[in-house]
Amino acid sequence: MNVVTNNKWIGQRTIRPDGVDKVTGRAAFAADTNMPGMIWGKVLRSPHPHARIKSIDTSKAEKLPGVKAVVTARDIVDFPIDKSVMLGIQDMRWMCRNVMAREKALFPGHPVAAVAATSEAIAAAACELIDVQYEVLPFVIEIDDAIKPDAPILHEFNKYDGKPSNIAGKLEVKKGDVAEGFKQAEVVIERTFTTRPVHQGYIEPHACLVSVAADGKTTIWSSSQGQFMVRAMTAYLTGLPQSDIRAIPAEIGGGFGGKTIVYLEPLATILSRKSGRPVKMVMTREEVMRATGPTSGSKCTVKIGARKDGTIVAAQGTFYLQAGALPGSPIRGAVGCSFSPYDIPHVLSVGFDVMSNRSKVAAYRAPGAPIGAFAVECVLDELAEALKMDPLDLRLKNAAKQGTKAAHGPVFPRIGYIETVEAAKNSDHYKTPLGKVSGKLRGRGVASGFWFNAGGESSAQVNITEDGNVVVTTGHPDIGGSRAAIANICAELLGIDYRRVSVLIGDTATIGFSNLTGGSRVLFASAIVVTQSTEKIITTLRERAAKIWEIDPEAVKWENGAAHPASPNAGEFPPLTLADLAAKAPAMGGPIGAGVQLNTEGAEGGFGTHVCDVEVDVDLGIVRVTRYTAVQDVGRAIHPSYVEGQIQGGVAQGIGWALNEEYIYNKQGKVDNPGFLDYRMPVCSDLPMLDCIMVEVPNPKHPQGVKGVGEVPLVPVMAAIANAVYDALGKRFYALPMSPPKVVERLEAPTQQAAE
Amino acid sequence: MSKVHVTTTINGEPMEFLCEPSDTMLDALRGPLGLTGSKEGCSSGDCGACSITLDDRLICSCLMLAVEAEGHRIGTIEGMAKGEHLHPLQQKFLEEAALQCGICTSGMLVASEALLKKNPDPSEEEVRFWLAGNLCRCTGYDKIVRAVMETAQDMRAQ
Amino acid sequence: MTELRYLAPNTLDEAVGAFAAAGSAARILAGGTDLLVQMRSGALKPGVIVDIKKIPEMTAIEQGADGGFRVGAAASGMALAEHRSFGKVWPGVLEAINLIGSKQVQGRASAGGNLCNGSPAGDSVPALVAAGAIVTVQGPNGRREIKVEDVPTAPGRTSLKPGEIMVSFTLPPRAAGSSDAYLRMIPRTEMDIAVVGVGVNLTLKDGVVTAARVGLGAVAPTVLLVQDAARALIGSKLDDAALAKAAAACSAACRPIDDKRGTIAYRTKVAGVLLRRTAAIAAQRAAQNK
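Chains as they are written, first to last, in numbering that gives the first Met the number 0: chain A, 0 to 755; chain B, 0 to 157; chain C, 0 to 289.
None of these hints come from the bench; they were simulated from the model. Note that CB positions come from ideal geometry on N, CA and C, so glycine has one too. Just to be clear, a hint being listed does not mean it is correct.
Only part of the chain C face toward chain A is listed, based on derived beta-carbon distances under 10 Å [stated by the list, open to error]:
#	residue
1	Tyr5
2	Ser40
3	Glu189
4	Met190
5	Ile192
6	Asp239
7	Thr262
8	Arg275
Let the sequences and hints guide you as you build the complete structure.
Written out as structure tokens, the structure is:
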């Protein structure tokens, strides 16, 4: 495949097609849509972390004036435990139990019933009238407690080593013989790390509006990372055929993985079916924090051995990740990604999926990978110190490159990891001395990271309008500016101004199946189908011109938005523009358009290397990031601003994860900080400018060289910060977050020991 | 239940609406007034997505009762552009890619406009602390801060 | 669902009458930045809301001939910040009030609300305690005055009697060589509730502290006036020994809890750290106030 060079629009910072609507408040997010006759749905949630549901009496609620429908687990399609039904990476056995508790309530916030009424207030009042009889059971929150032999068991059916267990699964990847490898090591570092669950933190709460007509035809407006996922999961959980459901993707107010599953849509669909009215449901922030997926908390042990010259000979990782109350933590990301930046002959990487009475985890930006990278990249920092090597030189010496076989299987093609480390090393940031500031200690840290990236199903339809402009429809919700990049590509190929290309996200009835926005797939996949569609259109346009000129289509070339004779031999004809050919379309064979649907392949993994400076107020234990440079191999930056935006956003989330964000549980097993106030995501004044260095090593398997860019930037951040804090304080932090009380506690620990 | 009749001015236009006494201004804007540009992210004053002005002072519409609008002037994102002309901040946000998902954008713009009216030459630190009440989870704030600073510079030059 | 009535009287007498008549179901609405959050979360379902912002006295900011201030209990932080002289005279009080929430919140939130909320972590309270501010309240039995430090009695509780409305704060005239400062510890740079807050109000003559008041927040069930810390500072030149003694007094005064915002050990240590830092800022400002 030829990589396009010498571009007019690819690589330009064009204005996004959806931009004006978003800066004027007109863009329609899920909660912004209303319908005539619409009523409101509310969810009754379990107050208990673990309880058997003995009975649910909804009669009083049903009698409350204004109440139009009530839903309990009986109304949701059951997927029996003995048979797995997979939709992508989600098992419908767990999804049906997550949207509505069946046998047991498994975490505080777990839905047990839902009501639709003529106002939100009436629906909420009706929820209070539902009488649920619970048998309260012992609960378990933390990993160490959940894997104890006498731990309260969430699911008796779940067996590990033949016994009921909270361990839902194990995943192992292996390369070489790790025991042999460690025998060759002259320096071995082994450390154990913990991280806390963190929420994706999208500002828009989950919301949907669902209308089920009398004939069963169902329309869903919702905020999700995949309208086709919404359609399929809702169909599964309600029993409706997918063809009866039209899922319309509203503008989505952030997802970061957290909107790759449904919570409200099936409930609203059943409420609408029962009431005969359109039903709107909008979560409160507290509901989002209590009942939607954060990513896992973890406990990881990483051991790395090297020879004195810095050659890493063996690495071993054991990653325990919290799944929440139902199976499915992202152990694949932790197990598969953590060692991937390095060419290590002997690797053993093992992950355990551990359940406890927390809300079920959902995907979060490179799921699992940042957790593993935190452990591995901190151990590498210690290794570099033990070897008296620059930490970037240690990474360069062991860097994965073309031909390296990753522990999780693939042999890397041409990749850009080394380029990211070299760019970090040559950066102004890394070359500039830290300097000193009075009253505070400064430090610098580095770390790298890898994410698989995904391809998968994608559909596009490109149509030429009657006046010779272009409408592109794709099927992946645009969260971060993908429409702008698609416009750049289509304009480039057609040789027209990008403003003549409108890019829309189709609904499930108007565009072919497209996998959800996740895995950093969107631009990779949609660029392929848009490119192929546009190339088909160019072929049609050349054929039309050839017909008009009565010459061979091969003698027509497409350039600068018009058909031209390919050479003087073909004859002398004035160019036929897109507008000319569109105007002549009715007489020359009809409308011009093309669609392509593919399961795209060739998404290559992405690598990043970050440099971070911190300043620590030692007396208060406050760590502030003062300078940050993120280097990433982005393949090809189709729209550099939105690539930078992905990098900066990922870094900001990582800074929050490292320093303050965490789920705090009280003794009753409930989340104690279910709001923005005490969850403490970074605010504007917490952060410095976030510098990006985009290294472009084009993906050889992609027409424009695109690699996914959205997830990699979160992977190295926590380790880069922890390593910088070590550089500042001379003390290592093995637990996140490095919040002020914990920093002070750690700083004072030796003194206290000395005093004892 | 009896609703309360409120007479107010929104984006320079006289307006009337009915609301429950417990409704917030955000409820009224997004409900009877149909102005859904103001977003609800938290309902506790922690995210700033519902930022509006009340008599030219920046506030969270989720922390104001709708009945309090009686006789006062409200400004929302829908009133920021003048006809076909985007406010310089709106234009700069587009050019600088200072938005990704867009859910915080309305509030960010309303807050930024209030800042520049008060302080036409803010430092980076002043911009960052002024916007601390507007959460953005997509951008890391970098491009937003740049857009506000550059707009301030452009507006001063005019 | 209980019906909510909204009242916006134009006079204080009307407000007191309505508030007293409605009894425990009534709530005063000033900035509303706490009240509306509590209502929306379902924690509070008032039957009557008395909006006091239409009463001129409640939002007035007046400087008397003696230089002292009378600040309406419902005056917003932003209004105080915009006042031509308040911030010059009471920089610590102003910075404390304007650490409450975001710029959006500061456009509404008032010191009166912050104090009535009864939170030990309210930012304005330690600064007002340090300032020696007096509160005027009016109830069915007329007006009375209370020292700020005597208002909170327990988390969420105050010494206001049923039917009493907080009307205004009186801040004493500023002596030459005196100023104040407020610092709080929060994990982020903004938008958090104080983990520890310290207000210091100092008067210096020839480099020697002649008067001092120290308010300490978020480390006990109520905001504290730490007289031992003040005594340690008075008579000193803010030398290390005096500061260490005052810091130790602050730490000793702490009766904190472990919660999601901080630990007992952390709060106790930080109270001392912040005393030193706040006193240094107050002293620097006092030196400039000739």
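The hints, checked one at a time:
Annotation: interface hint on C:Tyr5 violated; nearest CB of chain A at approximately 16 Å, more than 10 Å. Interface restraint check: C:Ser40 against chain A, minimum CB-CB distance 7 Å, threshold 10 Å, status holds. At its closest, the beta carbon of C:Glu189 sits 5 Å from a beta carbon of chain A; the interface hint therefore holds under the 10 Å criterion. The beta carbon of C:Met190 is positioned within 10 Å of a beta carbon in chain A (closest approach about 5 Å), and the interface hint is therefore held.
Residue-level restraint check for C:Ile192 holds (minimum Cβ-Cβ distance to chain A is 7 Å; threshold 10 Å). Hint on C:Asp239 is violated. Least Cβ distance to chain A is approximately 15 Å, over the 10 Å limit. Hint status for C:Thr262: holds, given a least beta-carbon distance of 5 Å to chain A, under 10 Å. Against a cut-off of 10 Å between C-beta atoms, the interface hint on C:Arg275 holds, since the closest Cβ of chain A lies about 9 Å away.
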